[in-house]
Each structure stands twice: as C-alpha cells, then as structure tokens.
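From first to last, the protein sequence lines stand for chains A and B.
If you read the first sequence in the working numbering, its first letter stands for residue 14, the second for the next number, and so on.
If you read the second sequence in the working numbering, its first letter stands for residue 160, the second for the next number, and so on.
Fair warning: there could be bad hints in the mix.
The calculated SDA-like cross-link candidates involving lysine to any residue, where the alpha carbons are at most 25 Å apart (straight line), are [to be verified]:
1) A:K49 / B:Q173
2) A:K54 / B:D253
3) A:K84 / B:E168
4) B:K162 / A:K35
5) A:K54 / B:R201
6) B:K162 / A:V125
7) A:K53 / B:T181
8) A:K53 / B:K216
9) A:K84 / A:V125
10) A:K54 / B:D243
11) A:K53 / B:A190
12) A:K53 / B:R201
13) A:K49 / B:N166
14) B:K162 / A:T72
15) A:K49 / B:E211
16) A:K54 / B:K214
17) B:K222 / B:E211
18) A:K53 / B:E168
19) B:K214 / B:P241
20) A:K53 / B:F205
21) A:K54 / B:E215
22) A:K35 / B:F205
23) A:K49 / B:L206
24) A:K53 / B:L233
25) A:K53 / B:P199
26) A:K53 / B:E211
27) A:K80 / A:V125
28) B:K162 / A:T20
29) A:K54 / B:Y184
30) A:K57 / B:N166
31) A:K57 / B:P199
32) A:K22 / A:A110
33) B:K162 / B:P241
34) B:K216 / A:E71
35) A:K49 / B:T185
36) A:K57 / B:S160
37) A:K53 / B:G200
38) A:K53 / B:V264
39) A:K49 / B:A245
Everything labelled a hint here was simulated from the structure, so no lab data went into it.
Source: prediction; values computed, not measured.
The residues making up each chain are set out below.
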Amino acid sequence: DTAVSQTPKYLVTQMGNDKSIKCEQNLGHDTMYWYKQDSKKFLKIMFSYNNKELIINETVPNRFSPKSPDKAHLNLHINSLELGDSAVYFCASNQIAGGRELFFGEGSRLTVL
Amino acid sequence: SQKIEQNSEALNIQEGKTATLTCNYTNYSPAYLQWYRQDPGRGPVFLLLIRENEKEKRKERLKVTFDTTLKQSLFHITASQPADSATYLCALEDMRFGAGTRLTVKP
C-alpha cells in the first residue's frame with residue numbers, strides 16, 4: 014500500500030501546454046509539499062500545505078499553482094509550460110508535530126519539448 | 160536568508176572504510192536536522208533526525224553529530240559497503256535540503 018503516490022510518473026508535453034500532477038498520501042499526515050529536482054539534482058522546495066492552508070510559497074513562477082482539496086491530496090498545476098520546467102517533481106508529506114520526517118513519492122518526471 | 164551547504168558534491172571511498180559527509184548551515188538555528196538517502200530514480204528516504212540538544216545519534220552503522228556552535232552536522236557510515244552508494248542529503252527543520260553528496264563505495 015503506497016504511502017505517498019504521484020501520478021503520472023512520466024509526462025512528456027510541448028511548450029505552452031498546461032499540465033497537472035496529482036499527489037495523494039494515506040499516512041494521515043497534516044502537511045504536504047512539492048519539490049522540484051532539476052538536472053543538477055538539487056532538491057528545491059516549492060510549496061507546502063498544512064491542513065489545506067498554504068504555509069510555504071517559494072519564489073516560483075505564478076504559472077505554478079498548487080491546490081489542496083483536502084489534507085490527503087496536493088496537486089500541482091503548471092500553465093504555459095517552458096523548457097526550464099523539465100525536472101522531476103516530488104511530492105512529500107509529514108506530520109508537523111512529532112518526528113517530522115518526510116515521506117516522499119517516487120517522483121513525476123516532466124519533459125517539456 | 161538561511162543557507163545549507165554540503166560541501167562535497169561527490170565522495171569515493173573503499174569498502175570497509177568510514178564515510179564522513181558534512182552539512183553546514185548559516186543564518187539559522189535549527190531545532191533539529193535530518194539526513195536522507197536518495198537512490199537514482201527514487202524519492203529521498205529518511206535516515207536520521209538529530210535535535211539541537213543531542214550531540215550524537217546512532218542507527219546501526221550510521222552516526223550523526225550536531226554541533227550548533229560550528230553550525231555543522233557530520234554523517235558517518237562505518238564499515239561502508241557498495242550498497243551504501245547513493246546520494247545523501249541533509250535538511251533543516253524548514254524542510255529545505257542541501258545539494259547532496261554522492262557517495263560511491265568501491266569494492
């Protein structure tokens with residue numbers, strides 16, 4: 014039973030398109046995150062939601078919009094895709110109180126042509 | 160703003176030796192620090208968390224130290240094995256990560 018699951022695992026699309034990546038966690042955690050890992054392998058935090066409320070909003074283009082319909086889901090919508098958006102996007106979750114260790118999904122590899 | 164640095168991009172060691180990875184941070188006083196392992200094509204996996212009032216934490220062959228004066232954490236793998244080859248990342252309590260150190264253990 015996967016703890017943090019992301020779909021799709023692979024996404025190939027043309028510049029200018031709009032795409033979404035979905036994330037679900039079944040761990041009962043109250044906080045979810047999106048990270049971007051580029052070709053240099055640096056893992057950069059993008060957004061974080063705690064109980065559906067945005068708590069971290071890094072400097073990312075406003076073409077990126079997260080949406081959290083409930084505590085167990087955090088989706089990432091990207092408008093007008095650019096070549097530089099190509100990366101692996103990781104979803105993660107944790108419980109703010111307590112150990113706070115992050116549980117990551119397997120990643121969604123986005124390729125923009 | 161705070162910075163977190165892992166000052167070795169890559170580390171190659173011989174099997175059986177101890178690997179030591181470094182994580183430094185500035186402009187921050189974290190209550191704790193975490194270490195993760197990432198294998199190619201996979202998401203990072205949590206290894207250890209060390210709190211500011213703990214000098215050292217151990218888990219099997221892993222040991223982490225935390226020096227709040229030096230603003231540094233050291234991550235040690237003793238009796239290293241080729242299966243330990245991976246990228247190791249440190250993270251502050253705000254869930255921001257360092258760039259990682261790619262460890263290769265040669266047989």
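Structure-based check of each hint:
Taking the CA atoms of A:K49 and B:Q173, the gap is about 32 Å. The hint is violated against a cut of 25 Å. Restraint check for A:K54 and B:D253: the C-alpha separation of about 19 Å stays at or below 25 Å, so the hint holds. Restraint check: the Cα-Cα separation between A:K84 and B:E168 comes to about 36 Å, which exceeds 25 Å; the hinted pair is violated. Distance check on the hinted pair: B:K162 and A:K35 sit about 30 Å apart at the alpha-carbon level, beyond 25 Å; violated.
This hinted pair checks out: A:K54 and B:R201 have alpha carbons roughly 12 Å apart, not beyond 25 Å. Between B:K162 and A:V125 the CA atoms are separated by roughly 30 Å; this puts the pair beyond 25 Å, and the hint is violated. For the hint pairing A:K53 with B:T181, the CA-to-CA distance comes to about 19 Å; that is within 25 Å, so the pair holds. Of the pairs offered as hints, the one joining A:K53 and B:K216 is violated, with about 30 Å between alpha carbons and a cut-off of 25 Å exceeded.
Simply put, A:K84 and A:V125 have alpha-carbon atoms about 30 Å apart, too far for the 25 Å limit, and the pair is violated. Among the hinted pairs, A:K54 with B:D243 is consistent with the structure: their alpha-carbon atoms are about 18 Å apart, no more than 25 Å. For the given pair, A:K53 sits about 29 Å from B:A190 by alpha-carbon distance, which is inconsistent with the 25 Å threshold. Of the pairs offered as hints, the one joining A:K53 and B:R201 holds, with about 15 Å between alpha carbons and a cut-off of 25 Å not exceeded.
Our distance criterion of 25 Å between C-alpha atoms is met by A:K49 and B:N166, whose separation comes to about 21 Å. Annotation: proposed proximity of B:K162 to A:T72 holds, straight-line Cα distance about 15 Å (limit 25 Å). At most 25 Å may separate the alpha-carbon atoms for a hinted pair to count; A:K49 and B:E211 exceed this at roughly 28 Å. Restraint check: the Cα-Cα separation between A:K54 and B:K214 comes to about 30 Å, which exceeds 25 Å; the hinted pair is violated.
In summary, the hint linking B:K222 to B:E211 is supported, as the alpha carbons are separated by about 15 Å, within the 25 Å threshold. Of the pairs offered as hints, the one joining A:K53 and B:E168 holds, with about 11 Å between alpha carbons and a cut-off of 25 Å not exceeded. Taking the CA atoms of B:K214 and B:P241, the gap is near 28 Å; set against the 25 Å cutoff, the hint is violated. A hinted pair counts as satisfied when its Cα atoms are at most 25 Å apart, and A:K53 with B:F205 qualifies at roughly 21 Å.
Taking the CA atoms of A:K54 and B:E215, the gap is near 28 Å; set against the 25 Å cutoff, the hint is violated. A distance of roughly 22 Å separates the Cα atoms of A:K35 and B:F205; the hinted pair therefore holds under the 25 Å criterion. Proposed proximity of A:K49 and B:L206 is supported: the alpha carbons are some 21 Å apart, at most 25 Å. Only pairs whose Cα atoms come within 25 Å are accepted, and A:K53 paired with B:L233 is accepted, the gap being roughly 23 Å.
Between A:K53 and B:P199 the CA atoms are separated by roughly 13 Å; this keeps the pair inside 25 Å, and the hint holds. At most 25 Å may separate the alpha-carbon atoms for a hinted pair to count; A:K53 and B:E211 exceed this at roughly 30 Å. In summary, the hint linking A:K80 to A:V125 is supported, as the alpha carbons are separated by about 22 Å, within the 25 Å threshold. The suggested pairing of B:K162 with A:T20 is violated, with an alpha-carbon distance near 32 Å, which exceeds 25 Å.
Simply put, A:K54 and B:Y184 have alpha-carbon atoms about 19 Å apart, close enough for the 25 Å limit, and the pair holds. Between A:K57 and B:N166, the direct Cα distance comes to roughly 17 Å. Compliance with the 25 Å bound is thereby established for this hinted pair. At roughly 17 Å between alpha-carbon atoms, A:K57 and B:P199 fall within 25 Å of each other, so this suggested pair holds. Straight-line distance between C-alpha atoms of A:K22 and A:A110 comes to about 30 Å, which puts the hinted pair past the 25 Å bound.
Our distance criterion of 25 Å between C-alpha atoms is broken by B:K162 and B:P241, whose separation comes to about 31 Å. Between B:K216 and A:E71 the alpha-carbon distance is near 31 Å, which puts this suggested pair outside the 25 Å criterion. Using a Cα cut-off of 25 Å, the hinted pair A:K49 and B:T185 holds, with the two alpha carbons roughly 23 Å apart. A threshold of 25 Å between alpha carbons decides the hint, and for A:K57 with B:S160 the separation of about 15 Å falls inside it, so the pair holds.
A distance of roughly 13 Å separates the Cα atoms of A:K53 and B:G200; the hinted pair therefore holds under the 25 Å criterion. Our distance criterion of 25 Å between C-alpha atoms is met by A:K53 and B:V264, whose separation comes to about 21 Å. Distance hint between A:K49 and B:A245 is fulfilled; the C-alpha atoms sit about 19 Å from each other, no more than 25 Å.
Checked against the numbered hints given earlier, the structure breaks hints 1, 3, 4, 6, 8, 9, 11, 15, 16, 19, 21, 26, 28, 32, 33 and 34 and satisfies all the rest.
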